[in-house]
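There are 2 protein chains.
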Amino acid sequence: MNYKLESGVEPLREAINNSLAQFVDRENAYLIEIGSELIPVASALKNFLIDSGKRFRPLFAAAGYVGNGGQLDQSSINAIASIELVHVCALIHDDVMDGSDTRRSAPSIHKLFEQLHARESLKGSAQQFGVSSAILLGDLALVWASKALHESGLNSESIMGALPVSDEMRVELMAGQYLDVYEQALASQSIERSLKVARFKSGKYSIERPLHFGATLVSRANLETYTNYGIPLGEAFQLRDDLLGVFGDPAQTGKPAGDDLREGKRTVLIASTLERSNDLQKERINALLGKNDLSLSEVEELRTIISSSGASLFVEDLIEKLTTESLAALENSAVSDDAKTFLIHMASVATKRSK
Amino acid sequence: MNYKLESGVEPLREAINNSLAQFVDRENAYLIEIGSELIPVASALKNFLIDSGKRFRPLFAAAGYVGNGGQLDQSSINAIASIELVHVCALIHDDVMDGSDTRRSAPSIHKLFEQLHARESLKGSAQQFGVSSAILLGDLALVWASKALHESGLNSESIMGALPVSDEMRVELMAGQYLDVYEQALASQSIERSLKVARFKSGKYSIERPLHFGATLVSRANLETYTNYGIPLGEAFQLRDDLLGVFGDPAQTGKPAGDDLREGKRTVLIASTLERSNDLQKERINALLGKNDLSLSEVEELRTIISSSGASLFVEDLIEKLTTESLAALENSAVSDDAKTFLIHMASVATKRSK
Numbered sequence: 001m002n003y004k005l006e007s008g009v010e011p012l013r014e015a016i017n018n019s020l021a022q023f024v025d026r027e028n029a030y031l032i033e034i035g036s037e038l039i040p041v042a043s044a045l046k047n048f049l050i051d052s053g054k055r056f057r058p059l060f061a062a063a064g065y066v067g068n069g070g071q072l073d074q075s076s077i078n079a080i081a082s083i084e085l086v087h088v089c090a091l092i093h094d095d096v097m098d099g100s101d102t103r104r105s106a107p108s109i110h111k112l113f114e115q116l117h118a119r120e121s122l123k124g125s126a127q128q129f130g131v132s133s134a135i136l137l138g139d140l141a142l143v144w145a146s147k148a149l150h151e152s153g154l155n156s157e158s159i160m161g162a163l164p165v166s167d168e169m170r171v172e173l174m175a176g177q178y179l180d181v182y183e184q185a186l187a188s189q190s191i192e193r194s195l196k197v198a199r200f201k202s203g204k205y206s207i208e209r210p211l212h213f214g215a216t217l218v219s220r221a222n223l224e225t226y227t228n229y230g231i232p233l234g235e236a237f238q239l240r241d242d243l244l245g246v247f248g249d250p251a252q253t254g255k256p257a258g259d260d261l262r263e264g265k266r267t268v269l270i271a272s273t274l275e276r277s278n279d280l281q282k283e284r285i286n287a288l289l290g291k292n293d294l295s296l297s298e299v300e301e302l303r304t305i306i307s308s309s310g311a312s313l314f315v316e317d318l319i320e321k322l323t324t325e326s327l328a329a330l331e332n333s334a335v336s337d338d339a340k341t342f343l344i345h346m347a348s349v350a351t352k353r354s355k
Numbered sequence: 001m002n003y004k005l006e007s008g009v010e011p012l013r014e015a016i017n018n019s020l021a022q023f024v025d026r027e028n029a030y031l032i033e034i035g036s037e038l039i040p041v042a043s044a045l046k047n048f049l050i051d052s053g054k055r056f057r058p059l060f061a062a063a064g065y066v067g068n069g070g071q072l073d074q075s076s077i078n079a080i081a082s083i084e085l086v087h088v089c090a091l092i093h094d095d096v097m098d099g100s101d102t103r104r105s106a107p108s109i110h111k112l113f114e115q116l117h118a119r120e121s122l123k124g125s126a127q128q129f130g131v132s133s134a135i136l137l138g139d140l141a142l143v144w145a146s147k148a149l150h151e152s153g154l155n156s157e158s159i160m161g162a163l164p165v166s167d168e169m170r171v172e173l174m175a176g177q178y179l180d181v182y183e184q185a186l187a188s189q190s191i192e193r194s195l196k197v198a199r200f201k202s203g204k205y206s207i208e209r210p211l212h213f214g215a216t217l218v219s220r221a222n223l224e225t226y227t228n229y230g231i232p233l234g235e236a237f238q239l240r241d242d243l244l245g246v247f248g249d250p251a252q253t254g255k256p257a258g259d260d261l262r263e264g265k266r267t268v269l270i271a272s273t274l275e276r277s278n279d280l281q282k283e284r285i286n287a288l289l290g291k292n293d294l295s296l297s298e299v300e301e302l303r304t305i306i307s308s309s310g311a312s313l314f315v316e317d318l319i320e321k322l323t324t325e326s327l328a329a330l331e332n333s334a335v336s337d338d339a340k341t342f343l344i345h346m347a348s349v350a351t352k353r354s355k
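Just so you know, the protein sequences line up as chains F and R, in that order.
Heads up, the first sequence stops at 355 in the working numbering, and the numbers go up one at a time, no gaps.
Heads up, the second sequence stops at 355 in the working numbering, and the numbers go up one at a time, no gaps.
The following block holds chain F by itself, in its conformation from the complex:
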C-alpha cells in the first residue's frame, strides 16, 4: 500500500499509528514470553504510545523522505514511525525528571508503577519503584526506536544512510535535555540562554532532525533547506508550547492550567516578561514561579502580569517572524512539490495549534 502527502495529515498519521501499534504488539508478545511479570510493562508502554498524540516528528520525517524523492510504502512508514519511540523515551524520562505525575490527564509512567507497588503491597519504597520502572521503560522505548528502524523492511543502504542523523539527533536530544535541566537549576533570566535551550530542545530535535532523518533514508540532498526551514520553525513550535503552558486550555492540552508556571519553567516568555516588569511585578513572579501548590487565582495573577507586560505579544510576533523565515527557505529549493505543499501546511499546524 502506498501513502501520499497530498491526501493530508490525517491518513498519514493513521498509517504511522498503525505501524507503531503493530510493532509494539509484536514486542510486547516477546516481553510476556520472557516473563508474565512484564505484562504491566507491556500494557503501560502500549497505552502511553497510543495516547501520545500528534506524531509531529514522524510527519516531518515523512516530508523529508518524500521531499527527497522517496515513495511512502509500508517499509518507509515503519522507518519514519520509529522516531516516535525516541520521543516516548524522552517523555517518560522527562516526567521523572520534572516530577510530573500526569501526562495527557493520565498518570505518568513512574506514577503508574508507584500505584502498582501499592496495589500489590510490594516491599520497599513505592516512589523508588515507580522511578526505577520509568527509567527502564524509557530505556526500553529508546531501544525499541532502533529496533523498529532496523526491522522496518527498508534495505541496508537506506537504513545505514539514516543512522548518522539518527545518532546525532539522539545525542543532541540528551545534551539539550541536560542544558534544560541545568538552565532550570540556574534559574537564569536571560532570553538568549532560553532561546539556546529552545534551539537544541525543539529547533533541532522536533523538526530539523526528523526532516534530515527522513531525507537521509533516500539521499543527502536538501539537508541545508531542511535546516533553514526546520530551525526557525522548531523555535516557533517551542514558543507556541511555552504560550500553551501558561495560557492553554486544560481541556485541550491535557495539562492543568498554568502547568509551566507551577513547574517554574524558564522560558523565553518568562524571560521576556521579567525584562519588561517593574520591581513589584518581578517580586511577584519570583515568589510565585515554581510554587508547587500554585492556586488558580495565582495562575491568573501571573497570566495578567505576563500579558500586560507585552511579553505574550512579543512572543506571538516572534512566532510569526520565525514562521515566515522558515517558509522562505522552501522557495527555490529542490524539495519535491508535494513535500513543499505539505511543509507549508505543517508550519501552520505546528505554530497555530491549541494543544
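FYI, nobody ran anything at the bench for these hints, they're computed from the structure.
Do not take every clue at face value.
Stated by the list, open to error - Subject to a maximum C-alpha distance of 30 Å in a straight line, what follows is the list of computed DSSO-like cross-link-like pairs (lysine-lysine):
no.	chain 1	residue 1	chain 2	residue 2
1	R	46	F	196
2	F	46	F	111
3	F	123	R	46
4	F	111	R	291
5	R	123	F	291
6	R	196	R	355
7	R	282	R	355
8	F	282	F	340
9	F	196	R	4
10	F	340	F	355
11	R	123	F	282
12	F	111	R	196
Claimed, not checked - Just so you have them, the derived chain R footprint on chain F, three or more residues with Cβ under 8 Å:
no.	region
13	94-101
14	123-132
15	142-148
16	164-170
17	236-250
Fair warning: this is a prediction, and the values are worked out from it, not measured in the lab.
Glycine residues also receive a C-beta, built at the ideal position from the N, C-alpha and C atoms.
Here the structure of chain F is known, so what remains is to put chain R in place on it, guided by the hints.
Okay, now just chain R, sitting in the frame of chain F:
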C-alpha cells in the same frame, strides 16, 4: 594493526580501552561545542568509562568474532568495544535505581551531580538534579553505544548482521532489570525465581549475547554453541558476583563489605540460605537483610549464618557444575581453535575472580 587472542587478555583489554577512550574524546569535543555547560557531563562520562573495568562483554564479543573466523583489526575492536557503552548505561541507571552512592570507591553519577548542584549553589532539589543528570548520562551512553558501532569502520553488511542481536540484547537487558527490580520488591525467597532473574540479567546479557554480537559481525554460525557455553557460564558469573557481594574484600571489589546484604539483594545465595535455616536464623536474616545502616558486626553475623547453613558451599558447587557444563559445549564445536582456548581461559577468569 591486528590483535590476536593468543596474546592473552591484557593486550586485548588495552586495545578495547584505547578504542573507547578515542570514541569518548571525539564525542566529548562535540558535546562541549554544543555548550560549555556540558563539560561536567563530558568529564563524568569519561572518568566513569575509564574506571569501569573488566571489559568482560567486549572480551567475549572478541571471542565470538574470532571464533567465527573474524580478524581483529581496529574496526572490529571498535565494534566489539561499543557494547561496553551499553553496560555503562546499565550501571549508571542501576545506581539510581538502587540508590547506590558509590561505585568503585568513587561517587556514582547521580551523587556526582548532586555535589555539583551544591557546589554551584543551584536552585531546586540537589537530589533531583543528581537523578535527572544520571538518567540523561545513562541515556547518552546508550546512544553512544549505537553510534560507536555504526562508526566503527566495519562495512554495512557486518554492522547490519549484528544489529538484530544488539537490539535483542538491549531489550533483554531492560526486561531483566525490570524483573530484578520487581523481584526485590516482591522480596521472594524462591531459588527458582532468583535463578530466572540471574539468567536474564547475566546469563544472557553478560556472556551469551556478547558472544552472539561478536559472532554475527561475521556470520550466524556457532550461535547454538555460544548459547550452550554462555548461559551456564553467565549464571556462574552471576553466582560469583553474589558471593563477592557478601564475602568480597572491599579493597578488591571497591564496594563496602557486605554491600548486597545492605541492599537486601534477593540472590540464589540468600534463597538457598533461607531454605537451610531454622526459624531463629530466618528471623535474623529477615530483620537484617536490606537494613540501610547494617553494622560490620551485623554483616559478620549474616555471613556466619550463610556459611554455616551450607549455602556458600552449595553455590560454589553450582558454579563448578555450571562451568563444567559450559566448557563441555566447546568440545566438538566448529568454533576456531584460538577462540576455544581463549574461552576456556575466560571461563576461569569469569568465575574465579576476587573482584
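Hint check results:
For the hint linking residue 46 of chain R to residue 196 of chain F, the alpha-carbon distance of about 25 Å falls within 30 Å, and the restraint holds. Under the criterion of a C-alpha separation no larger than 30 Å, the hint pairing residue 46 of chain F with residue 111 of chain F is consistent with the structure, at around 16 Å. Distance restraint check for residue 123 of chain F and residue 46 of chain R: the Cα-Cα separation of roughly 36 Å exceeds the 30 Å cut-off, and the hinted pair is therefore not satisfied. Between residue 111 of chain F and residue 291 of chain R the CA atoms are separated by roughly 26 Å; this keeps the pair inside 30 Å, and the hint holds.
Between the alpha carbons of residue 123 of chain R and residue 291 of chain F the distance comes to roughly 13 Å, so the proposed pair stays at or under 30 Å and holds. A hinted pair counts as satisfied when its Cα atoms are at most 30 Å apart, and residue 196 of chain R with residue 355 of chain R qualifies at roughly 23 Å. For the given pair, residue 282 of chain R sits about 29 Å from residue 355 of chain R by alpha-carbon distance, which is consistent with the 30 Å threshold. Proposed proximity of residue 282 of chain F and residue 340 of chain F is contradicted: the alpha carbons are some 44 Å apart, above 30 Å.
Restraint check for residue 196 of chain F and residue 4 of chain R: the C-alpha separation of about 48 Å exceeds 30 Å, so the hint is violated. Using a Cα cut-off of 30 Å, the hinted pair residue 340 of chain F and residue 355 of chain F holds, with the two alpha carbons roughly 24 Å apart. Of the pairs offered as hints, the one joining residue 123 of chain R and residue 282 of chain F holds, with about 17 Å between alpha carbons and a cut-off of 30 Å not exceeded. Of the pairs offered as hints, the one joining residue 111 of chain F and residue 196 of chain R holds, with about 27 Å between alpha carbons and a cut-off of 30 Å not exceeded.
Only residues whose C-beta sits within less than 8 Å of a C-beta in chain R count toward coverage, and the region 94-101 of chain F has 3 of them, enough to reach three; the restraint holds. For the region 123-132 of chain F, the stated coverage by chain R holds: 6 residues have a C-beta nearer than 8 Å to a C-beta of that chain, and at least 3 were required. Only residues whose beta carbon comes within less than 8 Å of a beta carbon in chain R count, and the region 142-148 of chain F has 5; three or more means the coverage holds. Counting residues of the region 164-170 of chain F whose CB falls under 8 Å from any CB of chain R gives 3; the rule of at least 3 is met.
For the region 236-250 of chain F, the stated coverage by chain R is not satisfied: 0 residues place a CB nearer than 8 Å to a CB of that chain, which falls below the threshold of 3.
Hints 3, 8, 9 and 17 from the list above are not met by this structure, while the remaining hints are.
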